[in-house]
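With chain A's structure known, arrange chain B on it following the hints.
The lines below spell out each chain.
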Amino acid sequence: MNFPFLSVITFTPITAGLLILLLPAERKTEVRVTALAAAVFATILSVYTYFAYDKTLGGYQFVEKFEWVPQFGIAYHVGVDGMSLPLVLLTAVVMLTGVLISWGIDDRPREFFAFLFILATGVFGVFVSLDLFQLFFLYEIAVFPMYLLIAIWGWQVTREYAAMKLTLYLFIGSVIALVGALAMYFTSGLGTFDMLALERANFSVGFQRFWFPFVFFGFAVLGGIFPFHNWSPDGHVAAPTAVSMFHAGVLMKLGAFAALRVGIMLLPEGAKFHAPWIVLLTVVNVVYGSFIAMVQKDMKYMIGFSSVSHMGLVAMALMTLNRTGYVGAGMQMFSHGVMTALFFACVGMIYDRAHTRMMPELGGMVKKMPFVAVAFIIGGFTSMGMPGLSGFAAELPIFLGVWNAKAASVVRGYPGWLQWLANLAQQPWYFPAIALISAISIVVTAAYVLRAVQKVFFGEISHEHDHHVGDVTVLDKTALTILCGLMIGIGVYPAIMAPLIDTGVAAILKLLGVA
Amino acid sequence: MMIEPYTPAMFLSILPEILLVGLAGLIMLSDLVWPESRKRGLGLLTSVGFGVILVVALIFSRPAAPAGNPLIFGGMIRDDFAAFFFRIMFLFSGAVVALLSLDSPGVGRKGEYYAILVSAVLGMNFMAAAADLIMLYLSIETTSIALYLLAGYLRDEDKSAESGLKYFLFGAFTSTVMLYGFSLLYGFTGKTNLYELGGALASVPTLAVVAASMLVLVGFGFKVAAVPFHFWSPDVYEGAPTPITAFISVASKAAGFAVLLRVMLAVFPGAESYWVPLMAAISTATMTLGNSLALAQKNIKRLLAYSSIAQAGYALIGLAANSKEGLAATIFYLATYTLTNLVAFGVIILTSRIVGSDEIKDYAGLSRRSPGLALAFMVAFLSLGGMPPFAGFFGKFFVFAAAVQQDLIWLAFVGVINAIVGLYYYLTVLKVVYLYRSEHENEKIPTPRAYAFALAACVGGILLLGTWSTPWIDWATRAAGNLF
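Each protein sequence line maps, in turn, to chains A and B. Counting in the numbering used here, the first sequence runs from 1 upward without gaps. Counting in the numbering used here, the second sequence runs from 1001 upward without gaps.
One or more hints might be untrue.
Unchecked claim - Here are the simulated DSSO-like cross-link-like pairs (lysine-lysine), alpha carbons at most 30 Å apart as the crow flies:
1) B/Lys1444 x A/Lys28
2) A/Lys165 x B/Lys1361
3) B/Lys1444 x B/Lys1361
4) B/Lys1159 x B/Lys1039
Stated by the list, open to error - Ranges of calculated distance between the beta carbons of each label pair, as one might list FRET restraints:
5) A/Asp352 x B/Pro1105: 46 to 52 Å
6) A/Asp466 x B/Glu1439: 36 to 42 Å
7) B/Phe1484 x A/Ser204: 26 to 32 Å
8) A/Thr478 x B/Glu1439: 37 to 43 Å
9) B/Gly1356 x A/Leu190: 53 to 59 Å
If you are wondering where the hints come from, they were derived from the structure by calculation, not from laboratory data. By construction, the Cβ of each residue, glycine as well, lies at the ideal position given by its N, Cα and C atoms.
Chain A on its own, in the form it takes in the complex:
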């Protein structure tokens, strides 16, 4: 029996969270140190796992499996492949940096870190789950602490509304997907929730086509897919900084990842069938999201809609059903996670000191917090897809993948209005046209990012801010350095991640039968 890396990574946060709850409420420093220690420990293990994964072997590694509820064929079954491993690393990084920048939280830090860490366990758990039931179980655990985190520590103005909206959206999505999962369980006749077995269950084509939208959209709600995206900017804005980081950085990936693992990988025929029209929704995500971001005055709303736009690219890449697109999706999930975490960290630091996030009221921050300015600009360039940063390494393959995508040649069986669309999707220009339209978003992104940089960091500083605003702490700088380092590292040397993701993609393509 090897060391159970994945279980230890998954359960470190919740164990630390429960320990923290046992500490007396006044011992705030002890609470923070415990939290940091747990985060560092999880990060070290994640980094080790990341580099210890054997790329030549591929497939699921670090597998652990125990019976859990044998009556229903439910097992505790974890393992990582090339798709999930970067996301495990991402979660650890966001958790670590989130703890660093939340050091100053003074209202009930004990409960704050405990809830945040329960959430982290849920997130790790979903990424490593190979059992469908376990995936749901941990998915819900990742969702509900969010409610309290936003409602208690969030922005007074919208927190109650946003927290409730977010929780209900995500819960609705997940329970609808759950019914789909139950249908798979009973229809397969295998009596197991093991996803590796369900992949080979040979569901009928009709079954897959019927259930795919339920399962895919049920999860993709959390990925922010249009038209179910609108919980997300509200949630980001209302959440406290560390929670926004977690939320946009990691939770949205949870949705996209689960939609891929459960929707596309277990129901591949459904994915082929529905891809031509779902891809249109993702275009709306990408383009509309970026335009909405451009008209925002509140920095957090801008980043929130920017996330909708960038996550739309992930969903679009998932609909390409080809290798380039999927590698791009994997890269983009990681890159966007790091980038958004950085953005929200920066905005949080500005807001804590200037007490406003309204861009027209801000200005000249570069004088007061040069470090944050540099970090924000690096993040901005990543967001625009500048070569040399991780955003480029992620978005280029996505656009290539979309350009080269082909609609599945199975065109029978659509209802009338879809048949028309399916015929259209057969045209050789359909996917290239989608790629071109989506490319508009790159220009728009450049516009709003540069405008934000100009307004907030340069320009005139207001008299009041000149007096009050000071520089950020060492812990904040450490967090920003880690995040920037990752973006630059992957941008300069994508080979540190792309081949790994490629091994995961190969398995997906095999299921789709397009290898």
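Frame of chain A; chain B shown alone:
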């Protein structure tokens, strides 16, 4: 099904009930001899008594594994695992409720209060085991009359008196209708044993059987507070002493389910094509109405009353699925619900003792006044809402799974949508607890040791059922196997 000839060994299987009678006597006796200053010990005595009987039941009254589920005492009682499972639940709830009553004003130091509580549990135990119409009716009445008294126990308070009277009037009426159904069954067949009735009814016209089953359902529907027989429950829940509200909401409901499951499956298999769809309809109505009315509540006890109606609706999904898995899901669901609601009411009892009100808005600041109680409250409400890693998640998962398995996908979707509505109002309460400030938030809420113990045991149970469910599902499946 053979009726076993009498042997003295049969007494072992009703040993818990014999001991319960003894316990009631002991309580009355102690009430007479103990001085006023020691009266708090009565609740402890009751609770420990229930605990001891629980252990005795586990050791002596557990049916042997390959039992033939004999009908004993002339066919009055069936000694099977389903009865055993429910008895354990009743004894456990009795023990917790006795602890929760300790410091309750007006009831905590009254010997006859605890004695009546014990006799209610006695009646429930027989409800779960009864295999004969006569026995069934007697046990239902033993339970009900005890509960009417308990609900109206605070006779100087208008609300409690109203609660007791209302409960009695509704109960007596539905009980009469049910008895009419029983008399029809006897008239058609000349038999009273549940397990003989099923076969004998095969030669009776279906319409007549359906009519009898509807009349019987009125009585059972009242016990489980299913729509449209739910009207009593919010008023009774609000007015009764809170420990009794807890008791009615869990044990009495579970007892109702015990007889509902047994009678429908043993007596009316012939009318299946009528009552199974009806169950699905009742389940839908119960969930939907309970949840939608809960949305508007301002009083925590009324909110939980409507929530309990909705919870009965989820449990009915398992019966509507009409399969062994479905029944197991229902039974498991009841176990999770029992633990969860006891915690919720425990917190309410402790809070209202200090706060002096049951209005939801007065729960503001609870998380600062007592972080531990707030946490227990959160566990209970999230478990009611069906969130992992708490018991309620598994409970909901299994009933929905049972529905999907029987191709009742629409019913699963109805349940799922209701779960969302439910989560909404559970979260609204948690929001008040965790988010809102109050001017009293520096006054701590003390938790007496007995209460802390009771709450910790139930919270532990919620987590246990919510993570390591395997053995309990086995129990529920075995119990379901005895009924189906």
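Verification of the supplied hints:
1. B/Lys1444 x A/Lys28: holds (20 Å)
2. A/Lys165 x B/Lys1361: Satisfied, since the Cα-Cα distance of roughly 21 Å is no more than 30 Å.
3. B/Lys1444 x B/Lys1361: Roughly 17 Å between the alpha carbons, so the hint for lysine 1444 of chain B and lysine 1361 of chain B holds.
4. B/Lys1159 x B/Lys1039: Given pair lysine 1159 of chain B, lysine 1039 of chain B holds - Cα atoms ~26 Å apart, limit 30 Å.
5. A/Asp352 x B/Pro1105: 46 to 52 Å: Holds - the Cβ-Cβ distance for aspartate 352 of chain A and proline 1105 of chain B, about 49 Å, lies within 46 to 52 Å.
6. A/Asp466 x B/Glu1439: 36 to 42 Å: holds (39 Å)
7. B/Phe1484 x A/Ser204: 26 to 32 Å: holds (30 Å)
8. A/Thr478 x B/Glu1439: 37 to 43 Å: Hint holds: Cβ distance 41 Å, inside 37 to 43 Å.
9. B/Gly1356 x A/Leu190: 53 to 59 Å: Since glycine 1356 of chain B and leucine 190 of chain A have Cβ atoms about 57 Å apart, the given range 53 to 59 Å holds.
When the structure is compared with the earlier hints, no violation turns up for any of them.
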